[in-house]
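K.L.:
Listed here are the chains, written in short residue letters.
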Amino acid sequence: MENFIIKFDEFEGPLDLLIELIKKRELDIYDLPMSVITKDFIGSIELMKENNIEVTAKFTAMASLLLKIKTQMLLPSSKEVDPRNILVKEIEEYEKYKSNLERIKELQFIEQKYFKRRKRDVAKKKKKGSILDVINSYNLIIRKKQLKERNMKLEELSKKIAESKFTIDDRMHYLKNLSDSIDVQKLFEDINDLEEMVVTFSALLELVKVQYFRVEIINTQVMLIRKDL
Amino acid sequence: MNKYAVESVLFVAKEPLSSERIAKILNESESVINRWLFELEKDYEQRGIRIRRVAGGFEMVTSDQYHEVIEPIVPKEYEFLSKPVLETVTIIATFELKTSQPVKKAKIGRYRNVKNPDSGIESALSMGLIKETEQGYLTTNEFLKFFGINDLKELEEKLQQNVNLQ
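Protein chains in written order, with this note's numbering: chain H, 53 to 281; chain S, 889 to 1054.
Extracted from the complex, chain H is given alone in its bound form:
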């Protein structure tokens, strides 16, 4: 039995050990002599313990299963359903998994022989940086900060607008009723109040956005024309 211990590294799990024992004795897995295989199995894990090899719970669970099947075989009911069926199924599934594992491992060796164009990206990743990249990122941050500041100012302004006597809704209504075509420059020239100008401009943008007006250049004049015209 010693030779099983030497090769123990190969036995990752109880089924590996069991299959190896079956092979050694050249047993038929469809007609396993349970007393022989159980004795072999338990003997092997006893030797593992003696040699200070960790016997995990999975090995002892397998030993219990083997003992259980061995006992069941002695009962008269075992004539109807072979209690070894469950073990046969487990062995078969495990062997299938092991051979699939080998095959999938091999598929990697096959696949690595195919080369694709996307490998050009590798060169890009290794691109050398320069002081220009540092300046660029510095400028980017400055721009972001300026943008943030501007947004804050805009926010303040829109707060002021909200409090003002002019509302965007009113101005939108006003613009809708003003004319079917509006000369933008003339529209703003006629407004003297800065606040009114801002609100009117916002209303104008809104109406273009909702596609009430479209913008047209007619004889260098910027005109707002009603969309449905």
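Hints listed in this document are in silico derivations from the structure and should not be mistaken for laboratory results.
A hint or two may mislead.
[What the hints assert, rightly or not] From the structure, some residues in chain H lie toward chain S, with a derived Cβ separation under 10 Å:
1. V107
2. A109
3. T112
4. L153
5. R155
6. F167
7. R169
8. K200
9. Y264
C-beta atoms are modelled at their ideal positions from N, C-alpha and C, and glycine is treated no differently.
We have chain H; now place chain S onto it with these hints.
P.N.:
Showing chain S alone in chain H's frame:
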């Protein structure tokens, strides 16, 4: 438009493209694109470049016949999977093939003979080879691409081929 438009699209694509996608790019019907793809596959059969079907799409690859010529001139990119990841994806693919159902963690643990199958599952998840569902784990398109196969049916055929023959 003709089949060479498809050829040029495949040449620049970084990922396998489905015929549906190519049809959209070229503004042609899918049946026409499929015919062109079929013709191109034939055209390329004897070339140093092949058109093959991977993960439901089409891609250009060098012929495996010339890998020894190419290997010294391009950086090695293919990375073999670690043992835990390989075992994890094998178990998931095998049982997904058998049942078309997600595979539970307990099953992975049982076959892998490890106390805790989590790290193998985590690595496979982070590599995108598998995905998590409420009922367990399934393989992904990334998995198919990694092994250069079109679908799990093709994997099944490859698994059934004799291991020692290849």
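K.L.:
Against which earlier hints does the structure fall short, listed by number upward?
P.N.:
1, 3, 8 and 9
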